[in-house]
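Asker: Can you build the whole structure from these sequences, using the hints too?
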Amino acid sequence: MPLRDLADAALAQAKSLGAQHADFRAERIRGQHIGLSDGHPQTASDADDTGLAVRVIVDGTWGFASAVDLTTDAAALAARQAIEVAKVAAAMNTEPIELAPEPAYGDVTWVSAYEIDPFTVSVADKVALLAQWSNILLAHPAVSHVDASLQQVRECKFYSDGATTATQQRVRLQPALTAVAISDDGMFDTMRTLAPPVGRGYEFLTSTRLRDGTGWDFEAELAELPDLLAAKLQAPTVEPGHYDLVIDPSNLWLAIHESIGHATELDRALGYEAAYAGTSFATLDKLGSLRYGSGVMHVTGDRTTEHALATIGYDDEGVAGQSWDLITDGILSGYQLDRRMALLKGFGRSNGCAFSDGPGHMPLQRMANVSLQPAPGGPSTEDLIAGVNNGIYILGDKSWSIDMQRYNFQFTGQRFVKIKNGRLAGQLRDVAYQATTTDFWGSMEAVGGPQTYVLGGAFNCGKGQPGQVAPVSHGCPAVLMRGVRILNTAEEGAT
Amino acid sequence: MTTASGYSVQETVERALAAARSDDCVVIAVETSSANLRWAGNTLTTNGVSASRQLTVIAINRHGHGPKDASAGVVSRAGVRPDQIEDVVRQAERAAAEATPAEDADELAGPEQPGSFGMGNKETGGIAGRDQAGSFGLGNKETGGIAGRDQAGSFGMKNRDEPGWDSPPGRTEIGVLRDFAATLGETLRAAQAAGRKLYGFAEHELTSTFLGTSSGVRQRHDQPTGRVELNAKSADLERSAWAGEATRDFTDVDVAGLAAGLAERLDWAKRTISLPAGRYETLLPPTAVSDLLTYLYWSAGAKEAAEGRTVFSKPGGGTRIGERLSAQPVTLSSDPRATGLACAPFVIAHASGPDSSVFDNGLPLSATSWISEGSLAALISSRHSAEVAGLPVTPAIDNLTFATSAAAPPALEDMIASTGRALLLTCLWYIREVDPQTLLLTGLTRDGVYLVEDGEVVGAVNNFRFNESPVGMLGRLLEVGATVPTLPREWGDYFNRAAMPPVRVEGFNMSSVSQAS
Chain V
1 MPLRDLADAA
11 LAQAKSLGAQ
21 HADFRAERIR
31 GQHIGLSDGH
41 PQTASDADDT
51 GLAVRVIVDG
61 TWGFASAVDL
71 TTDAAALAAR
81 QAIEVAKVAA
91 AMNTEPIELA
101 PEPAYGDVTW
111 VSAYEIDPFT
121 VSVADKVALL
131 AQWSNILLAH
141 PAVSHVDASL
151 QQVRECKFYS
161 DGATTATQQR
171 VRLQPALTAV
181 AISDDGMFDT
191 MRTLAPPVGR
201 GYEFLTSTRL
211 RDGTGWDFEA
221 ELAELPDLLA
231 AKLQAPTVEP
241 GHYDLVIDPS
251 NLWLAIHESI
261 GHATELDRAL
271 GYEAAYAGTS
281 FATLDKLGSL
291 RYGSGVMHVT
301 GDRTTEHALA
311 TIGYDDEGVA
321 GQSWDLITDG
331 ILSGYQLDRR
341 MALLKGFGRS
351 NGCAFSDGPG
361 HMPLQRMANV
371 SLQPAPGGPS
381 TEDLIAGVNN
391 GIYILGDKSW
401 SIDMQRYNFQ
411 FTGQRFVKIK
421 NGRLAGQLRD
431 VAYQATTTDF
441 WGSMEAVGGP
451 QTYVLGGAFN
461 CGKGQPGQVA
471 PVSHGCPAVL
481 MRGVRILNTA
491 EEGAT
Chain X
1001 MTTASGYSVQ
1011 ETVERALAAA
1021 RSDDCVVIAV
1031 ETSSANLRWA
1041 GNTLTTNGVS
1051 ASRQLTVIAI
1061 NRHGHGPKDA
1071 SAGVVSRAGV
1081 RPDQIEDVVR
1091 QAERAAAEAT
1101 PAEDADELAG
1111 PEQPGSFGMG
1121 NKETGGIAGR
1131 DQAGSFGLGN
1141 KETGGIAGRD
1151 QAGSFGMKNR
1161 DEPGWDSPPG
1171 RTEIGVLRDF
1181 AATLGETLRA
1191 AQAAGRKLYG
1201 FAEHELTSTF
1211 LGTSSGVRQR
1221 HDQPTGRVEL
1231 NAKSADLERS
1241 AWAGEATRDF
1251 TDVDVAGLAA
1261 GLAERLDWAK
1271 RTISLPAGRY
1281 ETLLPPTAVS
1291 DLLTYLYWSA
1301 GAKEAAEGRT
1311 VFSKPGGGTR
1321 IGERLSAQPV
1331 TLSSDPRATG
1341 LACAPFVIAH
1351 ASGPDSSVFD
1361 NGLPLSATSW
1371 ISEGSLAALI
1381 SSRHSAEVAG
1391 LPVTPAIDNL
1401 TFATSAAAPP
1411 ALEDMIASTG
1421 RALLLTCLWY
1431 IREVDPQTLL
1441 LTGLTRDGVY
1451 LVEDGEVVGA
1461 VNNFRFNESP
1471 VGMLGRLLEV
1481 GATVPTLPRE
1491 WGDYFNRAAM
1501 PPVRVEGFNM
1511 SSVSQAS
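Residue numbers (this note's numbering), protein chains in the order written: chain V, 1 to 495; chain X, 1001 to 1517.
Since the hints were made in silico from the structure, they are not lab data.
Possibly wrong hints are sitting among the right ones.
Restraint-style ranges between C-beta atoms, simulated for each label pair [unchecked claim]:
hint, chain 1, residue 1, chain 2, residue 2, range
1, V, E95, X, W1165, 43 to 51 angstroms
2, X, P1276, V, N460, 33 to 41 angstroms
3, V, T237, X, D1254, 33 to 41 angstroms
4, V, G162, X, V1458, 55 to 63 angstroms
5, X, E1011, V, A128, 35 to 43 angstroms
6, X, A1260, V, Q20, 33 to 41 angstroms
7, X, D1249, V, S289, 48 to 56 angstroms
8, V, G60, X, D1252, 27 to 35 angstroms
9, X, A1097, V, N460, 29 to 37 angstroms
10, V, D329, X, L1237, 25 to 33 angstroms
11, X, E1011, V, G467, 30 to 38 angstroms
Keeping only pairs whose Cα atoms sit at most 30 angstroms apart, straight-line, the calculated DSS-like set for lysine-lysine is [stated by the list, open to error]:
hint, chain 1, residue 1, chain 2, residue 2
12, V, K232, V, K15
13, V, K15, V, K345
14, V, K420, V, K398
15, X, K1270, V, K286
16, V, K398, V, K418
17, V, K398, V, K232
18, V, K232, X, K1314
19, V, K398, X, K1314
20, X, K1068, X, K1314
Anything over 12 angstroms on all C-beta distances counts as not near chain V; from chain X, calculated [said to hold, decoys possible]:
hint, residue
21, R1021
22, H1065
23, D1166
24, E1186
25, G1216
26, D1252
27, R1265
28, K1270
29, E1307
30, P1354
31, G1390
32, A1396
33, D1398
34, T1442
35, F1466
Note that the Cβ used here is the ideal one computed from N, Cα and C, for glycine as well.
Answerer: Here's what the structure looks like:
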């Protein structure tokens, strides 16, 4: 059944029943997860989720319904159900829904940049590769156990609102290997690879084209990881206090995600997420005046960066992908928007951040790729480390938590290396850094140059009720922070 | 009920099993429907109804060297039409052909399994009885637990209220929220008039799961899951309070009553008190307890504990089973037939994991004590991970109850009244693991921290970031109250069925002050 016929059936039904606006989505999301334990297959799941969704505005109230069968009857029924939902919900609505205008793009298609669709590679080949990598780690005497996993998604979206009909496809994957070391006295610790999730195909695992990011150098990372883990297990525990930090992009992306990405979502700033994900200290009245961080801080939002996880041609409201400033010279300068909020708050046009994680969910304002820009001609990571007398170099993400207004956060990492007089001086254990968002970014003395820039990110950013997950990338350089509070997690947990 | 394309869900299961060419086959068909409403700032924000239909086929190839020599292929597909059923089966069989032998391979459960509740089964590797830990019959009124079930009478028997295999799948729709929406609309308008803002979410979902296997299992379970969350804020957003309830059908939800209770809490917060970070005697309400102990439960896997890499590992090898975790006579348990918390009474595994196995599909579940009278009693396991760990088979169950056997446990109000000086929390948020060695968790207090002095709430305190281990906390329980049904604030999206007491904890570690209000 051509999806266009389904869209026509749904949109015609909605209009005939009085909807002022109607849009239609059909989606097919293929997902596969492979997990190995100590080189042996432990988990293998292969899912294919399909369905359609109809969203309407009736007398200023949203209505949404979805269905699993891709038939014109199911599409028309979903439209009728969406109308009914809007009528039931009207009793609660006091704020009429209107949408910011967006140009009509007609029939458009968009496909993300990848070379090898991971679903064309056999599971056996994937398991063999993960087992080979696991065995490299297990061969080291310090490694007791290895967990390996590979998540892959192929997302196909069809959208139509009558003015724009977009057919899109994107691919993403996330590989990870975690080694576990256990000492004779029962102490244990882990270390995970730093390879990020990417909007690329299977070539990310196999290509030798490393310089342009096509492939990741797993060979090099797996070669050094066991010795690093062994050293971590033997490392001295950190003395709590305030330290200068050089933070690697493999750790900093998560701080950006939590303290900037979510804080500059306008739905949070307006309170729509107040009961669940929370609000934001960066409220709309502070736009253009809030000192978010130091003057070297330039943060952008985009849905256009090649190979980034939030990148797409058109969002789930038919808005074309864009790029814009969120923080300029350390000052709050923008938000992430959907069409409703863009009109409601006078932004004129949405910047294309509506996203639904599947046919069963209504689109929400979800995160764009939010990235800290490097300094043109800026320092290398080694240069940043050279500027620290007593500090810590942090790599890799691990534990994260931030409050409901995005003030107070705490992060740990995969590796913490002591910096003494400008030089690395061995690993530390039990490290967490804790700060208030504006203090933290205000302490950023320097950002690294483009040569330190890496695109990190997450597959499963959660938001909304019903809960939805979204993939998102965050690019950043290495940075130098002054005087950040460091906790000793062993002391924190002492009873 | 038939699908849009003509087959009932039961026919779909039978067709898939009939099409299978593998040595064994497991088919899981799931039909889900849901309806939801969401509101913010006293007005509707989003809503919707949805339906989904998923078919999972697990093809099993046996290699001739006993039940533990087999490979499995797992494929799940949504919206499968009758003409696609065989294709899904073939995809699963191709996956099985590609797969290496599965570590968790075993015989499939037989149709006789439901009758063997609580008894070892040598043929299947053994489902050890939970009465070994002395916990059978846990949770009765005499011991202060939540209302007990007629357990002895219900084991191995189908609840007469549950639909049989041949009945159509259950379904929910927006009508289940119609009366609720009307009342909520009035409540929102009343809040507006009173200068308060209400935020929240209501959702009802019904999932019908049909499990069929080539070994003759035909099991079906209908799971209603509902919740309402209500957050009230003062007009300036400086004061905030929250309440949540789990519900199976929304007939028991009193949204106006919830709103009135929150208004009282906002009044408590008119006096504010700034307190620094530090360790405080703290009263945790049931929802906060449920979030901490749910994480503990999720971390209580047998395999990784036996491997030496969790808080439940014994230094030098083995697990901490039998070790005393709390001086209080507390029991943490799950029971698929717990009143008000009923969940699937048999294993449903769409994929294998460290402590779950697709080969275990259909195995019966019975009441299990994870912690019994203060001591670690069981860890979550599949047949395979139980064998690895040398423990009885105790698969995960989708509910959790924590209760004391002390006589006449107090209600939270009584605990407040007997307090000299302590913090009283509303709920916890953004809970994440910091250190698996101790199960140290971090997170935030949210929507109301109050100072209690001399038996009364004297004002609202700033929020804190905490760093605490639920395992360590068990060792510092000063008092455990009466267990009541509750909704985990943080984990309610994934874990909806819980009954917990309020607890008083010595020296709860508030690591830093959060500016959030």
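Asker: Now tell me if each hint is right for this structure.
Answerer: Hints, verified against the model:
no.	hint	result
1	V:E95 with X:W1165: 43 to 51 angstroms	holds (47 angstroms)
2	X:P1276 with V:N460: 33 to 41 angstroms	holds (36 angstroms)
3	V:T237 with X:D1254: 33 to 41 angstroms	violated (51 angstroms)
4	V:G162 with X:V1458: 55 to 63 angstroms	holds (60 angstroms)
5	X:E1011 with V:A128: 35 to 43 angstroms	holds (38 angstroms)
6	X:A1260 with V:Q20: 33 to 41 angstroms	holds (37 angstroms)
7	X:D1249 with V:S289: 48 to 56 angstroms	holds (50 angstroms)
8	V:G60 with X:D1252: 27 to 35 angstroms	holds (32 angstroms)
9	X:A1097 with V:N460: 29 to 37 angstroms	holds (31 angstroms)
10	V:D329 with X:L1237: 25 to 33 angstroms	holds (29 angstroms)
11	X:E1011 with V:G467: 30 to 38 angstroms	holds (32 angstroms)
12	V:K232 with V:K15	violated (63 angstroms)
13	V:K15 with V:K345	holds (27 angstroms)
14	V:K420 with V:K398	holds (24 angstroms)
15	X:K1270 with V:K286	holds (26 angstroms)
16	V:K398 with V:K418	holds (18 angstroms)
17	V:K398 with V:K232	holds (15 angstroms)
18	V:K232 with X:K1314	holds (21 angstroms)
19	V:K398 with X:K1314	holds (24 angstroms)
20	X:K1068 with X:K1314	holds (28 angstroms)
21	R1021	holds (19 angstroms)
22	H1065	holds (17 angstroms)
23	D1166	holds (22 angstroms)
24	E1186	violated (9 angstroms)
25	G1216	holds (25 angstroms)
26	D1252	holds (20 angstroms)
27	R1265	holds (15 angstroms)
28	K1270	holds (20 angstroms)
29	E1307	violated (6 angstroms)
30	P1354	violated (7 angstroms)
31	G1390	holds (18 angstroms)
32	A1396	holds (15 angstroms)
33	D1398	holds (17 angstroms)
34	T1442	violated (5 angstroms)
35	F1466	violated (9 angstroms)
Hint compliance for this structure: hints 3, 12, 24, 29, 30, 34 and 35 are broken, all remaining hints hold.
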